[in-house]
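J.: Spelled out from the first residue to the last, the chains are:
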Amino acid sequence: MKVLSTLALLLVAAAALAGVVPGDKAPDFVLPDLDGKEHSLDEYLDQGKIVVLEWFNPDCPFIKKHHLQAHTMNETYERFRDKGVVWLAINSGAEGKQGAGRERNLQAREDYDLAFPLLLDPAGTVGQSYGAKTTPHMFVIKADGTIAYTGAIDDDNSAGTFGKTNHVAEALSAVLAGEPVAQPETRPYGCSVKYAD
Amino acid sequence: MFVRNLAGVALLLGLCQFLPAAASRAAAASNAVTVSAQVVASADSVVVAWRFDLAERWHLYAPYCNDSGFPPSVRLDLPAGWSAGPLRWPVPERLVLPGGILDHVYHDELVLVQSLHPPRAAAGRTAIPATLSWLACRQTCVPGDTTLTLILPPADGGADAVLAAEAAIPGRLPPASARFVRGASTVRVRAPGARGLTLIPAADGPALVDLAADGTVRGDELVLRLRPGAGASAPLRGLLIIDHTNGARSSGSFVVP
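If you're matching them up, the sequences are chains A and B in order.
Letter 23 of the first sequence, counting from 1, is numbered 23 in my numbering, and no numbers are missing.
Letter 175 of the second sequence, counting from 1, is numbered 175 in my numbering, and no numbers are missing.
The shape of chain A in the complex, shown without the other chains (with noise of 0.2 Å):
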């Protein structure tokens, strides 16, 4: 039975998905934040951190529906932040483009009250070494830097009603208890991330 389950998820977890998968080892970046402050994934993992990526874009109704209606990430970030898990908000949008630029970003930092750094990567090779397709698209990176989960954030693509999966918090469960993330990879869902011309 568990077998046919297993199966069954990994028969949802479909196509298309370029960029990492679970187990290769995650692309290193250094960004700025919106206060000019660099962050970097490899400084990060040398101090034993586990790194959530969530690529983020403010105008989008998926970003919305996590940050606004809902605060799935934040109180996601909440119940890890404590047991050394870093969390990286990444807008991969170019500029001119919905939701980009450090001005509007600035303001959704208010607006969602963001517990963790919002990152601009408006050339979008970040975005693109990950092969971030969404917004939310996430990324769980081990301490040791391979990937431990890609996917949604939750396992009900609608713009407006929620999964009763956190896959985020299950990975990170898994991965704080050294066991294997039990579903390492689904499929996004989202608006597309706006990557330049």
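Take the hints with a grain of salt, since some may be wrong.
Unchecked claim - Far from chain A, some chain B residues (derived; all Cβ distances over 10 Å):
#, residue
1, G81
2, A84
3, R179
4, S185
5, R188
6, G252
Unchecked claim - Rough simulated footprint, nothing fancy, chain A against chain B, three-plus residues with beta-carbon under 8 Å:
#, segment
7, 68 to 75
8, 94 to 105
9, 136 to 146
It is worth saying that the hints were derived from the structure and are not from the lab.
Nothing here was measured: the structure is a model prediction, and the numbers come from that model.
In this text, a Cβ means the ideal position worked out from N, Cα and C, and glycines have one as well.
Starting from the structure of chain A, add chain B where the hints point.
T.: Chain B in isolation, oriented as in the chain A frame:
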């Protein structure tokens, strides 16, 4: 936060029996999307054409393998004894966005076809509320929903529109039109003599290496690379579009076990 338009409009009242080839129409609108429904009814079935008219450059999503968005849905509040068939979808187009993001979408208009089945003893006027939900995107994405109420039996013309919508729904791919060969890490599709092929996988299926690169080719052979690992042996379902050398285009659904 969401675009809601609950101004359901029902037009056309009728009498006691379903009339062959009679049709009704209901409509509601939002900025990017205008929604309407046309109905044709016979003695034992009702066929609804759910129509989404899109403002310029906006798109809706098809229920296939996409990197973003989600397809429209229709939630029916059926009276007792009624049942509904699945939504049937026309052939979408590929939309490749910067960053290699691939979606299968509809521009301009989308007409979904759905059969409703009344109970044997159905008679009299019947109202069927339907909530239609969608995500429309252009540079930005806007979710929307609206409620329409179908009034049956329908009483005016419009059957042609429903029949045209049904005619646009792809059927099964004729076995002779293409050959699918599944290997350990690829699915090879060959349609001898084709000028071009486009493969649109279903949303559930094996993980693919790069559908944006592999999903369409000039020529008569297409090779879809499968990602190794668990789930790689899952059946591949989807839609194949064949562009013929004479300029014609045909399409149909397939399953590769």
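J.: Hints first: check each against the structure and report whether it holds.
T.: Structure-based check of each hint:
1. G81: 29 Å, holds
2. A84: Correct as stated: the minimum Cβ-Cβ distance to chain A is 20 Å, above 10 Å.
3. R179: Fine: 21 Å to the nearest Cβ keeps B:R179 off the interface.
4. S185: Consistent with the label, B:S185 stays out of reach of chain A, its closest Cβ about 14 Å off (over 10 Å).
5. R188: At about 17 Å from chain A, B:R188 clears the 10 Å cut-off, so the statement holds.
6. G252: 20 Å, holds
7. 68 to 75: holds (count 3)
8. 94 to 105: Since 7 is at least three, the answer is holds.
9. 136 to 146: As far as the segment 136 to 146 of chain B goes, the hint holds, because 6 residues have Cβ atoms under 8 Å from chain A.
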